[in-house]
Amino acid sequence: MEKWNFAELMEINKDYIDAFDSLYRLKTFDSDKIDQIYNKIKNVLIESKMFPPSIICEIISSIIKYNNRYLKSYWALFKKIYEEYQPKDIKHVSSVFDYFVFKEYGIVFNESHKDKFRNYESQNLSLEVHEKNTIYRAIMEDDLISFIMFTERDGFDDQQKLKNKLYKHGFRHYSLLDICCYYGSVNCFKLLRTKFNSKITMSSLEFSFLGGNPDIMSECLKVQKPLLSSTEYAIVSHNIDFISFLVNEYRLSINLYLCCDYYNLPAFLMYCDQKHLIGSCFVLSPAFRNLSFCDYLLSHYSININNRDWSGRTVLNTAILYNVKEAVEFLISRGIDVNLYYKNSTNYLQYAATYNRKEIAEILISHGIDINMKDSQGKTAIHYAAQCGGKETLEYLISQGMDINEKDLTESTPLLVSAEKNSTETAVVLISHGVDVNAKNELGQSALHYAAHFNNTIIAEALISHGADVNSRNLEQETPLHIAAKGNSQEMIKFLVSNGADINAEANSYKTPLDYAKKSFEDAANLLISLGADDALYFDDFAGLLEPPF
Numbered sequence: 305m306e307k308w309n310f311a312e313l314m315e316i317n318k319d320y321i322d323a324f325d326s327l328y329r330l331k332t333f334d335s336d337k338i339d340q341i342y343n344k345i346k347n348v349l350i351e352s353k354m355f356p357p358s359i360i361c362e363i364i365s366s367i368i369k370y371n372n373r374y375l376k377s378y379w380a381l382f383k384k385i386y387e388e389y390q391p392k393d394i395k396h397v398s399s400v401f402d403y404f405v406f407k408e409y410g411i412v413f414n415e416s417h418k419d420k421f422r423n424y425e426s427q428n429l430s431l432e433v434h435e436k437n438t439i440y441r442a443i444m445e446d447d448l449i450s451f452i453m454f455t456e457r458d459g460f461d462d463q464q465k466l467k468n469k470l471y472k473h474g475f476r477h478y479s480l481l482d483i484c485c486y487y488g489s490v491n492c493f494k495l496l497r498t499k500f501n502s503k504i505t506m507s508s509l510e511f512s513f514l515g516g517n518p519d520i521m522s523e524c525l526k527v528q529k530p531l532l533s534s535t536e537y538a539i540v541s542h543n544i545d546f547i548s549f550l551v552n553e554y555r556l557s558i559n560l561y562l563c564c565d566y567y568n569l570p571a572f573l574m575y576c577d578q579k580h581l582i583g584s585c586f587v588l589s590p591a592f593r594n595l596s597f598c599d600y601l602l603s604h605y606s607i608n609i610n611n612r613d614w615s616g617r618t619v620l621n622t623a624i625l626y627n628v629k630e631a632v633e634f635l636i637s638r639g640i641d642v643n644l645y646y647k648n649s650t651n652y653l654q655y656a657a658t659y660n661r662k663e664i665a666e667i668l669i670s671h672g673i674d675i676n677m678k679d680s681q682g683k684t685a686i687h688y689a690a691q692c693g694g695k696e697t698l699e700y701l702i703s704q705g706m707d708i709n710e711k712d713l714t715e716s717t718p719l720l721v722s723a724e725k726n727s728t729e730t731a732v733v734l735i736s737h738g739v740d741v742n743a744k745n746e747l748g749q750s751a752l753h754y755a756a757h758f759n760n761t762i763i764a765e766a767l768i769s770h771g772a773d774v775n776s777r778n779l780e781q782e783t784p785l786h787i788a789a790k791g792n793s794q795e796m797i798k799f800l801v802s803n804g805a806d807i808n809a810e811a812n813s814y815k816t817p818l819d820y821a822k823k824s825f826e827d828a829a830n831l832l833i834s835l836g837a838d839d840a841l842y843f844d845d846f847a848g849l850l851e852p853p854f
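Going left to right, the sequence shown walks through residues 305 to 854 as my numbering numbers them.
Just so you know, the hints here were simulated from the structure itself, not pulled from any lab data.
One or more of the hints may lead you astray.
Restraint ranges, calculated between C-beta atoms of paired labels, are given here [to be verified]:
id, residue 1, residue 2, range
1, Glu388, Arg497, 24 to 34 Å
2, Leu562, Ser824, 35 to 45 Å
3, Glu795, Gly639, 46 to 56 Å
4, Phe310, Asp599, 12 to 22 Å
5, Thr332, Ser703, 20 to 30 Å
6, Gly616, Asn812, 39 to 49 Å
7, Gly672, Tyr561, 23 to 33 Å
We put the CB at the ideal spot given by N, CA and C, even for glycine.
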């Protein structure tokens, strides 16, 4: 076995490292330099087939909150990639990024983001980040003259806070000094410290790793001691000196998963080198989508391809988690055992179903994985796809002949776990394929009980239209209408009653849905009465049968 050679690994992966450093450390508005960065990303990452264009677009979306001063430049990069490759499968972008896409192209990548657009419009969110002639714009540009003018105005509040979705943790409120640290605006920083004695917070220190100004960082370190959470900011900065400093001076650990998430291969290699973590390094290597890196590790070191890291994951788990199907095929070609178990005795197919990795599921099945294997809870891959919302994987598993009525140790079928997790799409898929809509688990709960609990009329309608018993009883003798009344689900109450639910059905202790509603929800109680519930008697837990209380 060769000795771990950090320098050689850095050299072998030089182009890959340079491409991501140029992306994460972008510090220019110059169009020619932006073109150079684009061509580097295109040639090294996209045309090499390491990364599909959609994932590069998603990465750009994720970087913006750490380096928003150059939002316009990131937007220019995104437009170049999007307009040249026209990717159709972009999914994981921030709602703010989706807002800018909507304004530019009239489309959205995630429909759930639309609800936030009106709010962003009212906040005047734009590619400018901060409006001109504002104190925050002065800080962003470290314009000391303008900043002084703002501080000398009547009513200036040195304690004012900024809340902005274009920053990391956009729900938090950041001080003027925090913002100085974020941008590395040392002149404004010094003025706030000397004239107003502005407080250095942990956010100030962590933002200083993003701003990259050594004077600001030094001042912050005099007041605040870095925490483990601080390493994330150093990792995302793609500055190896910052990471080495935290590891060596403060004995902080580096989260290797964060190195993967932010594609910081140098930090990953350095920490594995220092801690002699060759095994863990190999297990996580597919996350970088660089198969030559995986191959190098496997070829140069005595690594058991089926080894697990401290969390129990193997290299194939990582390939599935990060959806790198090329790595899955590579690892299978190198002899990895596709039928190994993971936590709770789950196999790789169940793991793939958990994350809706349909194409990887196809690869695993084509290479002989046990499609019907159950975990320690009696769940099959189809249970995992159903409960985790993996519609595409679920449909594929059904096409492969898996039993859609298979029960786990709690007597739950895939439909029941789907309804219990309020996964509408997978529930509808199962119903359309003829699943037993009246199956019950060990608590006597049917899928309709769970639909009533979540006020999910889409699932309820699909169930009833396919023969579900609207008056099904659980072990407490509660019907779905009892559950709806208990949760003040008025839309569901109307729906169930209109579909024949017994409005006066009695559960244990003779309680009706109206009894449940009257305990907590007057509106639901009044609704039930208006729909015909018998209000002649009212059951009280302590007094028995009483006159109605209202």
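Hint check results:
| no. | hint | in the structure |
| --- | --- | --- |
| 1 | Glu388 x Arg497: 24 to 34 Å | violated, 46 Å |
| 2 | Leu562 x Ser824: 35 to 45 Å | holds, 44 Å |
| 3 | Glu795 x Gly639: 46 to 56 Å | holds, 55 Å |
| 4 | Phe310 x Asp599: 12 to 22 Å | holds, 18 Å |
| 5 | Thr332 x Ser703: 20 to 30 Å | violated, 50 Å |
| 6 | Gly616 x Asn812: 39 to 49 Å | holds, 43 Å |
| 7 | Gly672 x Tyr561: 23 to 33 Å | holds, 30 Å |
The structure fails hints 1 and 5 (numbered hints given earlier, in ascending order).
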